[in-house]
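Number of protein chains: 2
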Amino acid sequence: SKGEAAAIETELLKDYRFGQQQLVEIWGQACAVAIAKAYPLSSLGKKQPTVLVICGPEQNGSIGLVCARHLRMFEYEPTIYLPKRSTQSLHQDFTVQCEKMDIPFLSYLPTEVQLINDAYNLLIDAMLGPEADCSNIKEPFSGILVTLKQVNIPIVSVDVPSGWDAEEPSQSGINPDVLISLTAPKKCAKSFSGKHFLAGRFLPYDIQKKYDLNIPEYRGTDCIIEL
Amino acid sequence: SKGEAAAIETELLKDYRFGQQQLVEIWGQACAVAIAKAYPLSSLGKKQPTVLVICGPEQNGSIGLVCARHLRMFEYEPTIYLPKRSTQSLHQDFTVQCEKMDIPFLSYLPTEVQLINDAYNLLIDAMLGPEADCSNIKEPFSGILVTLKQVNIPIVSVDVPSGWDAEEPSQSGINPDVLISLTAPKKCAKSFSGKHFLAGRFLPYDIQKKYDLNIPEYRGTDCIIEL
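Note that the protein sequences, when read in sequence, are chains A and B. If you read the first sequence in the UniProt record's numbering, its first letter stands for residue 1, the second for the next number, and so on. If you read the second sequence in the UniProt record's numbering, its first letter stands for residue 1, the second for the next number, and so on.
Heads up, a few of these hints could be off.
Which copy is meant is left open, because identical chains are indistinguishable; a pair holds if it fits in one copy or across any two.
[As the list claims (entries may be wrong)] Under the rule of at most 20 Å between Cα atoms (straight-line distance), these lysine to aspartate or glutamate pairs were calculated in the EDC-like manner:
1) 187 - 9
2) 210 - 102
3) 100 - 11
4) 37 - 177
5) 195 - 93
6) 209 - 99
7) 100 - 118
8) 14 - 102
9) 187 - 102
10) 37 - 222
11) 210 - 99
12) 195 - 75
13) 149 - 226
14) 14 - 222
15) 47 - 75
16) 187 - 93
17) 37 - 217
18) 190 - 77
19) 46 - 118
Note that these hints are calculated values from the structure, not bench results.
So that you can see chain A by itself, here it is in the shape it has in the complex (with noise of 0.2 Å):
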């Protein structure tokens, strides 16, 4: 629940000692690594390796914008897409990176879907995390999720499909088609249907245990696991 889910992220931060900036590398790596796999290079029809990366204001945008730091390091070509400049320097500084790496940033999006479909591959949705207020979503996100509705290419969501409610699946909002749930999966993914991944391997035991989560046997090295 989201409740559990900003308990164990409060404990990771003031027990643990783990920091932010640490973990939003930690589950930005393993998304691009999650959508590498449900998207291979090989497996786009595009001419070019194109990705449109929407990455919100707040910590679900900062795992967006290292995936899109991480996807360009696998030679997919990002383009970010920031609907609100963030006041956080964290986001500000994982913003940089991806501005001298020499990733495109749109200056808005074009209403006209027609023009998302031709120009990119996928879509990664890290636009509104677990903490959003599902039930008010003002501009400039309102607007963006009925152009999100629209498009036909696939759409990943990180963590939380934007727009939905972390604790229960959404009839009436966008539909994406892969899912990467961060840590645990939230309550909305239970019934779920599209591929669903989860990421972020380094959740201590001890707090698997506690929090009684039943986290799937990783395999190897992997960062991530297709549940």
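Assemble the complex: chain A is given as a structure, and chain B must be docked to it using the hints.
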């Protein structure tokens, strides 16, 4: 060279706004993956998959701590030896992460090498990095190097074998079986004849070009290459 390595790191931290925590996490995780590749669990001779990780008080040691944590996630049984507590808060955080994950710490290193040979399958040397002045190694490190020269279990060195000058191969120093170069091999690795990995797949292409690094191509989503 040593100077170039330092200049690249400064550029990553200042211009690219990478964080030290982020880089250490990437490097440490990649080291664990390289160790698991060189010495898979199934190849270990002893009943328990024990590994001794010796971590110095500087960045090399922080990387060793992260490496030990990931080895634990990969089902190895690391034990850590910190010859000297670090004053860096980042190093202390990485130490707490290991302590809270129930990774045992040795309070001293046995001088009787047979005890080390019997107890561990492998020894990871994350003691001294490229910045160390190898002409003037003080206790406790000099004593540990004497021990390391005598053990007959395989040694894996992180970035630069402890006691070696980063610029030239050592005649009389320790003799690791595996070397994991970080970001780019240092000059001393030129004549290294053991298994040699490169770890740290995040170096922006512009930096690779600027310093004429000629990094070989990583495959797929691999975070290491065997050279």
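Each hint, compared with the structure:
{"no.": "1", "hint": "187 - 9", "result": "within (16 Å within a copy, 42 Å between copies)"}
{"no.": "2", "hint": "210 - 102", "result": "between (43 Å within a copy, 15 Å between copies)"}
{"no.": "3", "hint": "100 - 11", "result": "between (33 Å within a copy, 11 Å between copies)"}
{"no.": "4", "hint": "37 - 177", "result": "within (13 Å within a copy, 33 Å between copies)"}
{"no.": "5", "hint": "195 - 93", "result": "neither (31 Å within a copy, 35 Å between copies)"}
{"no.": "6", "hint": "209 - 99", "result": "between (40 Å within a copy, 17 Å between copies)"}
{"no.": "7", "hint": "100 - 118", "result": "neither (26 Å within a copy, 49 Å between copies)"}
{"no.": "8", "hint": "14 - 102", "result": "between (35 Å within a copy, 17 Å between copies)"}
{"no.": "9", "hint": "187 - 102", "result": "neither (37 Å within a copy, 30 Å between copies)"}
{"no.": "10", "hint": "37 - 222", "result": "both (11 Å within a copy, 12 Å between copies)"}
{"no.": "11", "hint": "210 - 99", "result": "between (40 Å within a copy, 17 Å between copies)"}
{"no.": "12", "hint": "195 - 75", "result": "neither (22 Å within a copy, 27 Å between copies)"}
{"no.": "13", "hint": "149 - 226", "result": "neither (25 Å within a copy, 44 Å between copies)"}
{"no.": "14", "hint": "14 - 222", "result": "neither (27 Å within a copy, 31 Å between copies)"}
{"no.": "15", "hint": "47 - 75", "result": "within (13 Å within a copy, 41 Å between copies)"}
{"no.": "16", "hint": "187 - 93", "result": "neither (31 Å within a copy, 31 Å between copies)"}
{"no.": "17", "hint": "37 - 217", "result": "both (18 Å within a copy, 19 Å between copies)"}
{"no.": "18", "hint": "190 - 77", "result": "neither (32 Å within a copy, 34 Å between copies)"}
{"no.": "19", "hint": "46 - 118", "result": "within (8 Å within a copy, 57 Å between copies)"}
Violated hints, listed in ascending order, are 5, 7, 9, 12, 13, 14, 16 and 18; each of the other numbered hints is respected by the structure.
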